[in-house]
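Chemist: Residue numbers (the numbering used here), protein chains in the order written: chain A, 381 to 543; chain B, 10 to 426.
In case anyone wonders, no lab produced these hints; they're calculated from the structure.
Here a beta-carbon is modelled for each residue, glycine too, at the ideal position from N, C-alpha and C.
Fair warning: there could be bad hints in the mix.
Using C-beta positions, here's what the derived DEER-type ranges look like [said to hold, decoys possible]:
id: 1; chain 1: B; residue 1: R263; chain 2: A; residue 2: V483; range: 52 to 58 Å
id: 2; chain 1: B; residue 1: G95; chain 2: A; residue 2: F495; range: 50 to 56 Å
id: 3; chain 1: A; residue 1: D533; chain 2: B; residue 2: R393; range: 42 to 48 Å
Partial list, computed: chain B residues near chain A (C-beta under 8 Å) [as the list claims (entries may be wrong)]:
id: 4; residue: H19
id: 5; residue: L20
id: 6; residue: G144
id: 7; residue: R148
id: 8; residue: Q198
id: 9; residue: R202
id: 10; residue: S223
id: 11; residue: S227
id: 12; residue: G232
id: 13; residue: A335
id: 14; residue: A359
id: 15; residue: A364
id: 16; residue: D365
id: 17; residue: S367
id: 18; residue: E368
id: 19; residue: R372
Below, a list of computed lysine to any residue pairs in the SDA-like style, where the Cα atoms sit at most 25 Å apart [what the hints assert, rightly or not]:
id: 20; chain 1: B; residue 1: K103; chain 2: A; residue 2: E435
id: 21; chain 1: B; residue 1: K339; chain 2: B; residue 2: R324
id: 22; chain 1: A; residue 1: K534; chain 2: B; residue 2: K293
id: 23; chain 1: B; residue 1: K339; chain 2: B; residue 2: D183
id: 24; chain 1: A; residue 1: K534; chain 2: B; residue 2: G95
id: 25; chain 1: A; residue 1: K521; chain 2: A; residue 2: F397
id: 26; chain 1: B; residue 1: K339; chain 2: B; residue 2: P71
id: 27; chain 1: B; residue 1: K339; chain 2: A; residue 2: Q437
id: 28; chain 1: B; residue 1: K293; chain 2: B; residue 2: Y152
id: 29; chain 1: A; residue 1: K534; chain 2: B; residue 2: S227
id: 30; chain 1: B; residue 1: K240; chain 2: B; residue 2: Q402
id: 31; chain 1: A; residue 1: K534; chain 2: A; residue 2: F495
id: 32; chain 1: B; residue 1: K103; chain 2: A; residue 2: D388
id: 33; chain 1: A; residue 1: K534; chain 2: B; residue 2: Y46
id: 34; chain 1: B; residue 1: K43; chain 2: B; residue 2: L20
id: 35; chain 1: A; residue 1: K534; chain 2: B; residue 2: K240
id: 36; chain 1: A; residue 1: K521; chain 2: A; residue 2: T474
id: 37; chain 1: A; residue 1: K534; chain 2: B; residue 2: Q402
id: 38; chain 1: B; residue 1: K103; chain 2: A; residue 2: W424
id: 39; chain 1: A; residue 1: K534; chain 2: B; residue 2: R90
id: 40; chain 1: A; residue 1: K534; chain 2: B; residue 2: E424
So you can see what is in the structure, the chains are spelled out below.
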Amino acid sequence: MSTQTSDDAVLGRVEQFIYREARLQDEHRYAEWEALWTDDAIYWVPANGDDIDPEQQMSIIYDNRSRIGVRVRQLLTGRRYTQEPRSRLRHLITNVEVVDHEVNAIRAACNVMVFESNLRGETIWAARTAYLLREANGALKMATKKVELVNNDKPLHTLSFLI
Amino acid sequence: MTPTTHDLAHLIDHDRVHGSLYADPAIFEAELQKIWYRTWVYVGHESEVPNAGDFVMKSIGPQPIIMTRSSAGAVLLLLNRCPHRGNQVCTVPKGNARTFSCPYHNWTFANDGRLTAFAFPSGYSGQDMSRLGLGRVPRVASYRGFVFGSFAPDGPSLAEHLGGAAETIDRLCDASPEGEVEITAGFLQHRVRANWKFVLENETDGYHPAFVHSSIFSVADSGIGALYGQKSTALTRDYGNGHTEVDLRPEFRRLGRPLAWFGTTPERMAEYAARMKGAHGEKKATEIMIDGTPHVMIFPNLFIAEIQIFVIQARAVDDTVQHVTALQLKGAADFNRRLRQQTMGSVGPAGLLLADDSEMYERTQRGVQMRDPEWLFIGRGRHRESVDENGYQVAHATDELPQRGIWRHYRALMEAA
Chain A
381 MSTQTSDDAV LGRVEQFIYR EARLQDEHRY AEWEALWTDD AIYWVPANGD DIDPEQQMSI
441 IYDNRSRIGV RVRQLLTGRR YTQEPRSRLR HLITNVEVVD HEVNAIRAAC NVMVFESNLR
501 GETIWAARTA YLLREANGAL KMATKKVELV NNDKPLHTLS FLI
Chain B
10 MTPTTHDLAH LIDHDRVHGS LYADPAIFEA ELQKIWYRTW VYVGHESEVP NAGDFVMKSI
70 GPQPIIMTRS SAGAVLLLLN RCPHRGNQVC TVPKGNARTF SCPYHNWTFA NDGRLTAFAF
130 PSGYSGQDMS RLGLGRVPRV ASYRGFVFGS FAPDGPSLAE HLGGAAETID RLCDASPEGE
190 VEITAGFLQH RVRANWKFVL ENETDGYHPA FVHSSIFSVA DSGIGALYGQ KSTALTRDYG
250 NGHTEVDLRP EFRRLGRPLA WFGTTPERMA EYAARMKGAH GEKKATEIMI DGTPHVMIFP
310 NLFIAEIQIF VIQARAVDDT VQHVTALQLK GAADFNRRLR QQTMGSVGPA GLLLADDSEM
370 YERTQRGVQM RDPEWLFIGR GRHRESVDEN GYQVAHATDE LPQRGIWRHY RALMEAA
C-alpha cells in the first residue's frame, strides 16, 4: 500500500468519525456520544482566544472525563431546562485535515458551523475544532477535543448543546 | 440630558411589580439616566491593573470604559471616545501603555486621559489642550480593591452607598490568608436576551435553586440543594440601598465542618488551611472556614457568589451580559485552582448551573410581554420578616425579601429629582 493510499485511508476514517460524532450531537444521542471519549479525555472550549492556559484562565468548557460524564448525566435527567425542549441542531463540517499521524495518535482538525434553533430563536456558531484521536479496539476515540469558537472573545448566548 | 422624574407608584407596589418595568424601552432609557449613569456601579478590581500603564476594557451599562492605572499609580475610568471626532481610541481588551493614540488623526493621550500631542500641531495654534482630554468617570472609589465608578459628580460616597453590605466584602477578603482577593482568571461573557433586573433579582432568589437546578443537584453531590430547602436555616437579608444577601452561615454553622461550604476539607486544602491559621489564629481561621464566603448582590451589578463574581452589564432593555470569573484568594494556590475548576463547571454560556438560570431569564422576558396578568407577585414570606441584631430585615432563605428590597431602592432612585 502506498503512503498516499494510507494517508487517504486515515483521512477517510477521521472524516467518518467526525461526521458520526456531529450526528450524535445533533440528535442528542448523549450516551453514544459519551462512549466516544477515552478515559483520560479533555473536552475544551476556550474563551478569550484559542491559546489561553486552561489551567489558569477561564474557559467556556474545560471538562475532564468525570465532568463530561456529569454534563451528559445532567442532560439525561430531562430537567436540564436550557435543553428542554432540546435545541434543533445541524453541524456542518468542512476542511477536514489530518495534521499529524503517529502509531496511536491522530491529530486532526476541521471547520464547523452549527445552526441552532431553540426557544430564543436561531443562532449560528462557527469554530475550528481540533481532535486528538486514539485507536481503541479497532475504533477511534476522542482523547481531546478543542473547539475554537470564532467569537470566543465576545459575549455569547447560552451554549448548552454538545458542540 | 436632564433626566425626567418618573412616578412609579402605579408600577411598583409593596408585593408586586408591573411587567412593563422589564420590557418598556422608555423605562430602560430612564434607568440609564437615574441608575447606571448616576449611582455607584462596580467596574473592575485593582488587581486587574496591578502596574502603572496597565489598562483593561470594562463597562458601565452600555458605555465602554477603559480602566487604567496611570503612570502616577491612580486607578482611573476613561471613556473610549476621542474628543476630536468621536473615534474609538482603544480596541484591545487589555494591555499596558503609556499613551493611547487615536488611529484616525493620531491625537495622543496619556494613560490618565490627558491630551499630550496633536498631529500637525500648527493647525491648533493657541488651543487649550487641557479641555480636549478623554472623558473621565468623575467619581472613582474603591473598597478592598473593588473599584466603583459614578457618573454623578456629587452624591453619596461609596461608603454610604455600600452601607452595611461592606461587611460582606470584608468577609470575602477575610477568607484570603493575605486579606485580599484577586481577579486574574479572565472573564466569561454570557449574554441573555432579557432585562438586567431579572438577573439582579435572581442572584438572591433562594426559592428557585430547588427547581431550576434540580438536574445538576441530582447528578452531582454538591450539597447546595439542601441549603435552599423548606427546612433550611439560611436567611435572606436586605441591607438597604438595594443590596441583598442570602446568608448561608446558619446552615454551615449547624454542620460545623470547616470548608464544607466548598465541598472540601482542611486536610485536602492543607496549604490554605495552614496559611489561614497562620494569618488569623486557630480559632478565627476555623470560624472563617466554617462560615464560608458571602452570597451577596451589591446593587446594581456586582454579585459575589461565594466562589466567583458576576458583573451584570445592562446593554439594552432586553440585552444583558453576565461577566463572570473565579475569585482568587491572594496566597492560596491550592484553593484557587479549585475555585477556577468549580467556577468553570458552573457558570458561563455552558455552565451546569447558569445556563439554566439564563434560560429562565429569557423565558421570563418573553412571559412579561403577555397581557394578562400584568403583574409579577413578589409577596413570598412577607408575614415572616423580622429584624436581625444589626437592624437589617431578614427572612427565610426562600423568601422574596431581597426582591422587595431591590424594588424599594429602585423606586427611590427612579423617583429622585
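Chemist: Compare the structure with each hint and give your call.
Modeler: To see whether the hints hold, each was checked on the structure:
About 57 Å separates the C-beta atoms of R263 of chain B and V483 of chain A, a value consistent with the hinted range of 52 to 58 Å. Remark: the range hint 50 to 56 Å for G95 of chain B to F495 of chain A is contradicted by a beta-carbon distance near 37 Å. Distance hint for D533 of chain A and R393 of chain B: a CB-CB separation of about 47 Å, consistent with the stated range 42 to 48 Å. With a least beta-carbon distance of about 31 Å to chain A, the hint placing H19 of chain B at the interface is violated under the 8 Å criterion.
Evaluation of the L20 of chain B hint against chain A yields a violated restraint, the C-beta minimum of about 27 Å exceeding 8 Å. Against a cut-off of 8 Å between C-beta atoms, the interface hint on G144 of chain B is violated, since the closest Cβ of chain A lies about 24 Å away. Interface restraint check for R148 of chain B: the shortest CB-CB distance to chain A comes to about 27 Å, outside 8 Å, so the restraint is violated. Against a cut-off of 8 Å between C-beta atoms, the interface hint on Q198 of chain B holds, since the closest Cβ of chain A lies about 4 Å away.
Hint on R202 of chain B holds. Least Cβ distance to chain A is approximately 6 Å, under the 8 Å limit. Of the supplied interface hints, the one on S223 of chain B holds, with its beta-carbon coming within about 5 Å of a beta-carbon of chain A, less than 8 Å. Given hint, S227 of chain B at the interface with chain A, holds; its Cβ is 6 Å from that chain's nearest Cβ, closer than 8 Å. Checking G232 of chain B against chain A by beta carbon gives a least distance of about 15 Å; that is not within 8 Å, so the hint is violated.
Proximity of A335 of chain B to chain A holds as hinted, the smallest CB-CB distance being about 7 Å (cut-off 8 Å). Hint on A359 of chain B holds. Least Cβ distance to chain A is approximately 5 Å, under the 8 Å limit. Hint status for A364 of chain B: holds, given a least beta-carbon distance of 4 Å to chain A, under 8 Å. With a cut of 8 Å, the hint placing D365 of chain B at the interface with chain A holds, because the nearest CB-to-CB distance is about 5 Å.
Satisfaction of the interface hint for S367 of chain B is found here, the shortest Cβ-Cβ separation to chain A being roughly 5 Å, below the 8 Å cut-off. Given the 8 Å rule on beta carbons, the hint for E368 of chain B holds: about 4 Å separates it from the nearest Cβ of chain A. For R372 of chain B, the interface hint holds, since its Cβ comes within 8 Å of a Cβ in chain A; the closest pair sits about 7 Å apart. Distance restraint check for K103 of chain B and E435 of chain A: the Cα-Cα separation of roughly 20 Å lies within the 25 Å cut-off, and the hinted pair is therefore satisfied.
Restraint check for K339 of chain B and R324 of chain B: the C-alpha separation of about 32 Å exceeds 25 Å, so the hint is violated. The straight-line distance between the Cα atoms of K534 of chain A and K293 of chain B is roughly 42 Å, outside the 25 Å bound, and the hint therefore fails. Pair hint K339 of chain B plus D183 of chain B holds up; C-alpha atoms about 10 Å apart against a cutoff of 25 Å. Among the hinted pairs, K534 of chain A with G95 of chain B is consistent with the structure: their alpha-carbon atoms are about 23 Å apart, no more than 25 Å.
The hinted pair formed by K521 of chain A and F397 of chain A meets the criterion: a straight-line CA distance of about 9 Å does not exceed 25 Å. A hinted pair counts as satisfied when its Cα atoms are at most 25 Å apart, and K339 of chain B with P71 of chain B does not qualify at roughly 31 Å. A threshold of 25 Å between alpha carbons decides the hint, and for K339 of chain B with Q437 of chain A the separation of about 16 Å falls inside it, so the pair holds. For the hint pairing K293 of chain B with Y152 of chain B, the CA-to-CA distance comes to about 23 Å; that is within 25 Å, so the pair holds.
Between K534 of chain A and S227 of chain B the CA atoms are separated by roughly 32 Å; this puts the pair beyond 25 Å, and the hint is violated. For the hint linking K240 of chain B to Q402 of chain B, the alpha-carbon distance of about 20 Å falls within 25 Å, and the restraint holds. Distance hint between K534 of chain A and F495 of chain A is fulfilled; the C-alpha atoms sit about 18 Å from each other, no more than 25 Å. Pair hint K103 of chain B plus D388 of chain A does not hold up; C-alpha atoms about 44 Å apart against a cutoff of 25 Å.
Of the supplied pair hints, the one linking K534 of chain A and Y46 of chain B holds, its CA atoms being roughly 24 Å apart against a limit of 25 Å. A distance of roughly 16 Å separates the Cα atoms of K43 of chain B and L20 of chain B; the hinted pair therefore holds under the 25 Å criterion. Simply put, K534 of chain A and K240 of chain B have alpha-carbon atoms about 41 Å apart, too far for the 25 Å limit, and the pair is violated. Restraint check for K521 of chain A and T474 of chain A: the C-alpha separation of about 20 Å stays at or below 25 Å, so the hint holds.
Taken as a hint, the K534 of chain A and Q402 of chain B pair is broken in the structure, with Cα atoms around 39 Å apart against an allowance of 25 Å. At most 25 Å may separate the alpha-carbon atoms for a hinted pair to count; K103 of chain B and W424 of chain A meet this at roughly 24 Å. For the proposed pair K534 of chain A and R90 of chain B, the alpha carbon gap of about 20 Å is at most 25 Å, so the pair holds. Of the supplied pair hints, the one linking K534 of chain A and E424 of chain B is violated, its CA atoms being roughly 35 Å apart against a limit of 25 Å.
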